[in-house]
Structures are given as C-alpha cells and as structure tokens.
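Chains as they are written, first to last, in my numbering: chain B, 6 to 205; chain H, 6 to 205; chain A, 6 to 205; chain Y, 6 to 205.
These are calculated hints, taken from the structure and not from any lab test.
Worth double-checking, as some hints may not be accurate.
Identical chains share a label here; the pair holds if one copy fits it or two copies do between them.
[Claimed, not checked] Heads up, simulated DSSO-like pairs for lysine-lysine below, C-alpha to C-alpha not over 27 Å straight-line:
#1 K170 to K24
#2 K70 to K53
#3 K53 to K43
#4 K74 to K121
#5 K51 to K74
#6 K75 to K170
#7 K174 to K70
#8 K150 to K174
#9 K75 to K40
#10 K204 to K24
#11 K11 to K169
#12 K121 to K173
#13 K11 to K170
#14 K24 to K169
#15 K53 to K24
#16 K43 to K11
#17 K70 to K11
#18 K40 to K51
#19 K204 to K173
#20 K150 to K204
#21 K40 to K74
#22 K150 to K70
4 protein chains.
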Amino acid sequence: MANDTKDNILNAAKQLFAKRGYDGCNVDHIADKAKVNKATIYYHFKSKALLYETVLELNLRRFLKRLRKKVHEHDSPERKLEAFVSTYASNFADDQQMAPLMLRELASDGTHLTDKTRAVLSEIIAEVDVILEEGRASGLFIDAKSFIPYFMIVGSMNIFTSTKKLRKKFQNNDNDFGFAATIDETAQELSRIILNGLKK
Amino acid sequence: MANDTKDNILNAAKQLFAKRGYDGCNVDHIADKAKVNKATIYYHFKSKALLYETVLELNLRRFLKRLRKKVHEHDSPERKLEAFVSTYASNFADDQQMAPLMLRELASDGTHLTDKTRAVLSEIIAEVDVILEEGRASGLFIDAKSFIPYFMIVGSMNIFTSTKKLRKKFQNNDNDFGFAATIDETAQELSRIILNGLKK
Amino acid sequence: MANDTKDNILNAAKQLFAKRGYDGCNVDHIADKAKVNKATIYYHFKSKALLYETVLELNLRRFLKRLRKKVHEHDSPERKLEAFVSTYASNFADDQQMAPLMLRELASDGTHLTDKTRAVLSEIIAEVDVILEEGRASGLFIDAKSFIPYFMIVGSMNIFTSTKKLRKKFQNNDNDFGFAATIDETAQELSRIILNGLKK
Amino acid sequence: MANDTKDNILNAAKQLFAKRGYDGCNVDHIADKAKVNKATIYYHFKSKALLYETVLELNLRRFLKRLRKKVHEHDSPERKLEAFVSTYASNFADDQQMAPLMLRELASDGTHLTDKTRAVLSEIIAEVDVILEEGRASGLFIDAKSFIPYFMIVGSMNIFTSTKKLRKKFQNNDNDFGFAATIDETAQELSRIILNGLKK
DNA sequence: AATGAATGAGAATTCATTCAT
DNA sequence: CATGAATGAATTCTCATTCAT
Numbered sequence: 006m007a008n009d010t011k012d013n014i015l016n017a018a019k020q021l022f023a024k025r026g027y028d029g030c031n032v033d034h035i036a037d038k039a040k041v042n043k044a045t046i047y048y049h050f051k052s053k054a055l056l057y058e059t060v061l062e063l064n065l066r067r068f069l070k071r072l073r074k075k076v077h078e079h080d081s082p083e084r085k086l087e088a089f090v091s092t093y094a095s096n097f098a099d100d101q102q103m104a105p106l107m108l109r110e111l112a113s114d115g116t117h118l119t120d121k122t123r124a125v126l127s128e129i130i131a132e133v134d135v136i137l138e139e140g141r142a143s144g145l146f147i148d149a150k151s152f153i154p155y156f157m158i159v160g161s162m163n164i165f166t167s168t169k170k171l172r173k174k175f176q177n178n179d180n181d182f183g184f185a186a187t188i189d190e191t192a193q194e195l196s197r198i199i200l201n202g203l204k205k
Numbered sequence: 006m007a008n009d010t011k012d013n014i015l016n017a018a019k020q021l022f023a024k025r026g027y028d029g030c031n032v033d034h035i036a037d038k039a040k041v042n043k044a045t046i047y048y049h050f051k052s053k054a055l056l057y058e059t060v061l062e063l064n065l066r067r068f069l070k071r072l073r074k075k076v077h078e079h080d081s082p083e084r085k086l087e088a089f090v091s092t093y094a095s096n097f098a099d100d101q102q103m104a105p106l107m108l109r110e111l112a113s114d115g116t117h118l119t120d121k122t123r124a125v126l127s128e129i130i131a132e133v134d135v136i137l138e139e140g141r142a143s144g145l146f147i148d149a150k151s152f153i154p155y156f157m158i159v160g161s162m163n164i165f166t167s168t169k170k171l172r173k174k175f176q177n178n179d180n181d182f183g184f185a186a187t188i189d190e191t192a193q194e195l196s197r198i199i200l201n202g203l204k205k
Numbered sequence: 006m007a008n009d010t011k012d013n014i015l016n017a018a019k020q021l022f023a024k025r026g027y028d029g030c031n032v033d034h035i036a037d038k039a040k041v042n043k044a045t046i047y048y049h050f051k052s053k054a055l056l057y058e059t060v061l062e063l064n065l066r067r068f069l070k071r072l073r074k075k076v077h078e079h080d081s082p083e084r085k086l087e088a089f090v091s092t093y094a095s096n097f098a099d100d101q102q103m104a105p106l107m108l109r110e111l112a113s114d115g116t117h118l119t120d121k122t123r124a125v126l127s128e129i130i131a132e133v134d135v136i137l138e139e140g141r142a143s144g145l146f147i148d149a150k151s152f153i154p155y156f157m158i159v160g161s162m163n164i165f166t167s168t169k170k171l172r173k174k175f176q177n178n179d180n181d182f183g184f185a186a187t188i189d190e191t192a193q194e195l196s197r198i199i200l201n202g203l204k205k
Numbered sequence: 006m007a008n009d010t011k012d013n014i015l016n017a018a019k020q021l022f023a024k025r026g027y028d029g030c031n032v033d034h035i036a037d038k039a040k041v042n043k044a045t046i047y048y049h050f051k052s053k054a055l056l057y058e059t060v061l062e063l064n065l066r067r068f069l070k071r072l073r074k075k076v077h078e079h080d081s082p083e084r085k086l087e088a089f090v091s092t093y094a095s096n097f098a099d100d101q102q103m104a105p106l107m108l109r110e111l112a113s114d115g116t117h118l119t120d121k122t123r124a125v126l127s128e129i130i131a132e133v134d135v136i137l138e139e140g141r142a143s144g145l146f147i148d149a150k151s152f153i154p155y156f157m158i159v160g161s162m163n164i165f166t167s168t169k170k171l172r173k174k175f176q177n178n179d180n181d182f183g184f185a186a187t188i189d190e191t192a193q194e195l196s197r198i199i200l201n202g203l204k205k
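Between the sequences and the hints, there should be enough to build the whole structure, so can you do that?
Below you can see the structure in the form of structure tokens.
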C-alpha cells in the first residue's frame, strides 16, 4: 500500500510538473490527482522540491535504461544512431510528460538538477558520444563535437513532443510547415538528415 | 521619462521571466529589479500576464526583424540558411534571455502565446520554410518537412544558450562532450551538419 | 492611517505574545485582534519573528525610559532603589503584558533577543548596578554582585504580576501565603527586605 | 523494558519542553530524541498535553522531596532557609531543565497546571512558609508575607539557571554585573541578603 | 505618472492524532 | 508494545491585484 501510494504521487506529480512546470503547479493539485491527502506527500517526500527531484531522477534513469537497451541491439554506428533516435521517439510517444519535463529543466539551466540526476543526463549524452566516436574511428563520420548532434536530436524531438497543441494551431494556415507529421516520421527524417550530415 | 519607466519594467521582466519562468517570478521582484513601485507596473501593463505577453511579443518581433535583415543580404539558399543560423547565434550571444524565454514557451506548449505572438513565431519559421523551398526548387536540397531543420536549429541553439551554467558542470569530467565550444563555433558546426544533411 | 495600523498590530501582538508566548499564538489571531488583514501584518513587519522582536524592543525601551526618569528624581541610593522597585510595580500595574513577556524571554534564555534589545536589557540592569555601586561607595551597602538584587526584584515582581489567576487558585486554601496582596504592598515589602538585606 | 521506553520519552520531553516550551516543541521531535516511534508516545501517554503534565508533576514532586529532606536536616529557621536555598541551587545545578520549565509555567499563569501539580507547588511554598512562621514565632524574623521571600528565591534562582547562555553574552562588556558567578556563590549571596533582610 | 498601504485567495509546510498491523 | 502510514486542521507566508492619494 505504501508503494502504491508513492507511485500514485509520483505519477500525478510527473504529469503536473510536465504540464505546468515546478512553479506552475501546486501540491494540493498533485494530492488531488494522486487521490491522497496533501500531508501524505510530505510524509513520503519531504518537500515539493524533493518530490520534483525524485520524479526527474526516476524518469531519466528509466529513459536511459531503455535507450541503452535498444541502442546496444545494433552494431554499426549508423544503425545505433538511428536506434537512439527512434527509441527516443517511441519513448516520447508512450510518455508525453518526459519531453516538457526535460525541456523545462534545460530552459532553467538545470537549477533543480541534483548531482545524481545530472550524472544520468551525462550517461545519456555519453551514449551518443560513444556512437559518434565509433563512427569517427571507422572513418564513417566527420569530426564533430558530440553535443551538437545530441542537442539537435534532443532539441527537435523534445520540442516536437512538447508542442502538440501549439502545432495544431498552425494547421489552419495555408502552410503548416509539415507540423502534421507523426513522431515516427519526424524521427526518421531527423535520422536521415543527421546521418547524411555527419557522413564524410 | 515615461518610456524609461516602461523600458525598465520590460527589461527587468524579461530577465526574470527568462531566469525563473512566468510562475517562478513575482511582480514584487520585477518591481524591485526595475526600481519602480509595484503599482507602477500595473499602471503601465494591466496584469502580470499582459506584461509577460508584451515582453514575449516585443522581443520575438525584434528577433524576427534581425533574422530577416541578415538572411535577405544573401542570395543562395545555402548562404541564407547559414545566415539564419549565424544570426540566430549572434543574437543569442548578445541577448541571453531570449533562449530560455522561447524554450519555456515551447515546453509549456505555447500556453501563454497570444495570436499575435504566435503569428510572429510563424513568420520566423516561414523564413526557414522559404529558404528550404528555394533549395528544393533549385534541386539543391532534399525534400524535407521544413519544421524539422527548423526545430533542429531552434532546439540546439536555444538549449546551448540556456545551459551555460549546466554545461560548465560537465567540464570537470574526463569527457565534456565539446561543451566548452563558443556559440559561434557551435553555429558553424550546426550549419555544416544541416546543410550537408539536406544536400541531395 | 499607516501608523494607526502599525500600532494596532503591535498592541494586539503584545497582548497575545504575553498571554500565550511566541509559539502559542498565531498570526491569524493577532490579525483578528488588531482588526487588520493578516497580509497587512506581513506588509508592515516582515515575519512573525520580526514582529515579536519589535514588540519586545519597543516595550523594553519604553520601560527603561520610565524607570530611569523616576529613579533619577531621587538622590540617595536607598531612595533610588525604592523608586526603582515602585516604578517597576506601577508600570506592571498599568501594563499587565510586560511581566509575562519578559519572563518567557528569560525562560527561553533570550533566544529571540536581538543585540539591540539585549542592549536595552543591559541598560536596565545598569540602573540597579549604578545604585548599588553608589551605596557601596558611601559605605551604606554591603558588597554584593549587582545581578543578585536585580534578579530578586525582576524575578519576584514579574512572577507576581504574571500569576494573577494562579495565585487566586490558592486563596481557597487555609493558607494563601499572602497571595492576596496588591502589587504596591508587594513592592514595598520587597524594597524593605532588599534594603535591609543590603545594609551593612 | 517498558519502563525504559517511558523514561526515555519523559526525559526527551523534559528537555524539549524546557528548551522550547510546550508550544515550541513538537511530538515528532520528542520521538526522535527519545528514539521511539511517535505512535509509541501516544501509546504510553494519551496526548501531548498529558505528557507535559506528567513531566511537570513528576519533576516537581521529585524536587519537593529533595527540598524537604535537606530542609528537615536542620533546626533553626535560619539554617533551614539556607538549606532551602542551597538545595534549590544544587538541584538546579544537576538538572538544568527544571528552571525554565517552572519559569515558563509561571509566565503562562499556570495554564497547563493540573490540580495535583498545583498542590505540589503549594507544598513547596508551604516549606518556606513554615520556616518563616517559625522565625516570626521565635522573634527572629520580621513579619512578612511568605510568598515574597519565596518569589525572591524562586525568581532569582530560576532566572539565573535559565539564562546561562544569555548571561554569557554580557560578559564581553566592561561591566558584566557579576554574571560570571557560580550557582553556589549566587545561592550563598542570595541567602545572606534574604536572611539579613528578614532579620528583626 | 507614480506610490504606500491594504487585502483575498492561495501556497507550502507542520502537527497532533489515529489506525491497521 | 511498537511502528509505518495516513490525515484534517492549522500555520506561516506569498502573491497578484486594487485603491486612495
């Protein structure tokens, strides 16, 4: 029961933090959504800030695990990078909260990130770094700072996922810039451009 | 004098909204930073929400104007795209607030965006769209949805600029993923990968 | 109006802090008693703690001023000491809050005392110290540490004033220990014992 | 084992009630200090209020017993009064909590005192009363209300013991009012002044 | 145009207490 | 006996906003 309670809180918190940001949502609301008493949240997590940190760390860790698993199913740097992007996409398709959560954190320059959570973030970037290094070593890829392709992927996928409603508002226009694309189409095209761009 | 006051408020607001987000900063704090009385803010802008909208619209409009001017100094799609990216970079180099401001807005799915401001945003994307269309028309570029290169640029440049402090925290590690790069270097490498990636 | 408001708050606070102690009374209650909105208290005093400190300092300062004035109307150490005690008494007769306020502060070892307020306290003791020094110098008084007569006066007068209701509960007994005495009678007898006790 | 737990709770409670007062300390904190679960406190004592009353009654009773024993070792009123004061002092020297505990109770006009506990208090005063009565009967002491010497002793000894830290803060001054005295010196001087003052 | 004062509605956090185990 | 979990009711403090001047 205790674990159920904790999970309910963590899920409710994740949704609201994603939707409204840390400052934009309140503990009452989280308690309502989790169907627990507000004080119960403070019993399990000591403060709103610690709850937020827990949500972030837990989800990033889970995300890293899934990315790794999928990436390591492949051998060539190209397939690995594709796997990274497509897993990124499929994860975001299932879990709509991750994208705004990460984006807000980046926008606030990691203010709420603990050392442990930053370490997880680092391991995610490292996945891309290793792939690029392999690509460079085998003469496939040009020499480029790892963070640039990483930011390209993270930036575009997170923005795409976060702006579901916003993108719809452009679809009345004569030009919707392709905004109606699915996340998988987007991931594929993104992969294609990046891989092509990195190729020697 | 009246305009001085208004500008002071707009500047203070921009800095604080950028740093802490709409919900994360309060009118008292803006008043303090602008060195005006809190009621003065309500005299010039009707509410916190309207102040925020004004900040956003004003700055996006200014940003669009600068991008346009620089892009239109060039002729070929390639040079134009490069100009778009490098102007993006130089603007962010001068104005550290724009990046987190935009990023937060995207993370919150444009909740605070007025129709007018969304229109400005649309015109910025349209700049890229036109360039890509030209490129496609002249057989230089592959056929790709415009928003993808756009999100790649916006995502990576905004994340890079927003995470100055965060990136520094990675620089003790043996691998800093190239995070120490300047914004201009970053823009150049980004241009190179995207142009290469779009090329037929 | 602003000063009226502040005074209302200070008075209400004084009464409640005296009656229930710092932790025993709440800001809502003070606001009710002062007939102001709770937020108004926070506007004028930044926190409950600062309100408390202000109450303490203001009242101790006023108390010191009155003691000094009366003491300095006399010449001999004996008359001065009597004046000190009787003024102490007459002040406490008018202002029932001062005694429990001071007593609680002493009980909590001056935890809430600011440097400035401690200085006022010091000046009150100094009044007694000077009197005793004069008495010793003119060969009237025995050599005794100043704080002891001071604590005797402060202790007995403050306890007497603070325990109005408690003392009444003893008055059904066959022996009420003299608890029914007035504050002036008490002060006189106290003076007599101390003066007699200090005499060479 | 059961008694161990109860004693741990009573000791922890005594220390915290003394340091912070009834309202200033919370059951969680007592539980932490006693190294028991919070619910255990409610198992042994029914409420915070009852725990407090138990602490008070137990300790006052113990205090009374010790005072009585020492006082009754002497015969003359003078020696008995001296014994009362010196036992007061030696008890407070061993048990730093008693003084603030009593002082707070007096400051709050006995609000938390049960009838039983008030009866114990009464018996303590009665000890002094009997001594003074004897002194008056044998023509040694002047006629004075018993509570006044009692309040002088209680007031000064309790204030002295409660203000260990506060007194230290005065010791940088050029005049420390004798605050550096030990409790035994203080008790001796107090005895001397009171006895001298009561003498016919 | 600008400001000090005031406030209603909320927000985070605490706390004494209960209860199932 | 003892405890982890849970909670209703406070409690301190904040905040966007208004208003008289």
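A quick look at each hint next to the structure:
no.	hint	result
1	K170 to K24	both (12 Å within a copy, 25 Å between copies)
2	K70 to K53	within (26 Å within a copy, 41 Å between copies)
3	K53 to K43	both (11 Å within a copy, 23 Å between copies)
4	K74 to K121	within (21 Å within a copy, 45 Å between copies)
5	K51 to K74	neither (33 Å within a copy, 51 Å between copies)
6	K75 to K170	neither (29 Å within a copy, 31 Å between copies)
7	K174 to K70	between (35 Å within a copy, 23 Å between copies)
8	K150 to K174	between (36 Å within a copy, 17 Å between copies)
9	K75 to K40	neither (35 Å within a copy, 48 Å between copies)
10	K204 to K24	neither (38 Å within a copy, 38 Å between copies)
11	K11 to K169	neither (29 Å within a copy, 34 Å between copies)
12	K121 to K173	between (37 Å within a copy, 16 Å between copies)
13	K11 to K170	neither (30 Å within a copy, 32 Å between copies)
14	K24 to K169	both (12 Å within a copy, 25 Å between copies)
15	K53 to K24	both (16 Å within a copy, 20 Å between copies)
16	K43 to K11	both (12 Å within a copy, 21 Å between copies)
17	K70 to K11	within (21 Å within a copy, 50 Å between copies)
18	K40 to K51	both (18 Å within a copy, 20 Å between copies)
19	K204 to K173	neither (34 Å within a copy, 29 Å between copies)
20	K150 to K204	both (14 Å within a copy, 21 Å between copies)
21	K40 to K74	neither (34 Å within a copy, 45 Å between copies)
22	K150 to K70	within (24 Å within a copy, 31 Å between copies)
Checked against the numbered hints above, the structure violates hints 5, 6, 9, 10, 11, 13, 19 and 21; every other hint is satisfied.
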